[in-house]
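Residue numbers (my numbering), protein chains in the order written: chain A, -3 to 130; chain B, -3 to 130.
Rather than coming from a laboratory, the hints here were simulated on the basis of the structure. Hints should not be assumed to be uniformly reliable.
Take a look, some chain B residues computed to stay more than 12 Å from chain A by CB distance [stated by the list, open to error]:
#: 1; residue: Lys32
#: 2; residue: Pro76
#: 3; residue: Ser91
#: 4; residue: Glu95
#: 5; residue: Asn113
Derived EDC-like pairs: lysine to aspartate or glutamate, alpha-carbon spacing no greater than 16 Å straight-line [what the hints assert, rightly or not]:
#: 6; chain 1: B; residue 1: Lys78; chain 2: A; residue 2: Glu44
#: 7; chain 1: A; residue 1: Lys78; chain 2: B; residue 2: Glu44
#: 8; chain 1: A; residue 1: Lys39; chain 2: B; residue 2: Glu44
#: 9; chain 1: B; residue 1: Lys39; chain 2: A; residue 2: Glu44
Just so you know, even glycine gets a beta-carbon here, dropped at the ideal spot from N, CA and C.
2 protein chains.
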Amino acid sequence: MSSKPLALSVKLIVLGESGCVLLLRRSMASKNNPGKWDLPGGKADPCETLDKSARREVFEETGLDIIIGRILGAAESESPDKRIAYLILEARAESNEVELSDEHDAYTWVSPVDLPNYDLLPQFRPVVDACAKR
Amino acid sequence: MSSKPLALSVKLIVLGESGCVLLLRRSMASKNNPGKWDLPGGKADPCETLDKSARREVFEETGLDIIIGRILGAAESESPDKRIAYLILEARAESNEVELSDEHDAYTWVSPVDLPNYDLLPQFRPVVDACAKR
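Isolated chain A, as found in the complex (with noise of 0.2 Å):
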């Protein structure tokens, strides 16, 4: 149990041609995690609807336009000061061609099988290898 504030961040499977998904690795500059694989996504904006937060987050850190599709599910994370809640949305990309913000250095598109062989922020593993066995 904590007392920390929760805030929430919508991130996104984004799956683009031949069902692969979209890994950011996270810049060497990052304040925390530098060089893990993060899912693109962000702080959900509270003057926006959750599906226009998760557009403009993923437009702004890929160039993609994405459709959004199923809620895939939930996980957690926690800083000194406060707690994050991350809502885990499905995407389809309208293109591969991604152009990246400072944010990140690389780009993957990931096939499912793979999922397993990348170092992604851990608090990702469990949804991330769920979209891997189906």
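Following the hints, put chain B in place on chain A, whose structure we already have.
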């Protein structure tokens, strides 16, 4: 894939004495799912952190103060004009004395093994059944 706006609702598995789980029965005047058993919680207020929305909603519906624990999962439902994404949190109640609002007409503290016997809103079945198995 859906283009409906996606709204957030925060729902709680509230644990009381002896690890029993609080269920609330939707009033017969409810527009949606009258008579079904529900979890406490509701729409997240964009001006609040998630934990504050959760505590406020539970207090309005039950008069209970809660301490929020882990993120247990996610769920979704759909209406003609929108989708709702549910983030489901564990919480502990500081008392077992419930005062209902007009939204519900009954409450019960259920032993985890008895949870499968309740006519619950279907979107919460998986996460509630997972509690029953713990």
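A quick look at each hint next to the structure:
no.	hint	verdict
1	Lys32	20 Å, holds
2	Pro76	16 Å, holds
3	Ser91	16 Å, holds
4	Glu95	23 Å, holds
5	Asn113	26 Å, holds
6	B:Lys78 to A:Glu44	14 Å, holds
7	A:Lys78 to B:Glu44	14 Å, holds
8	A:Lys39 to B:Glu44	14 Å, holds
9	B:Lys39 to A:Glu44	14 Å, holds
When held up to the earlier numbered hints, the structure conflicts with none and fits them all.
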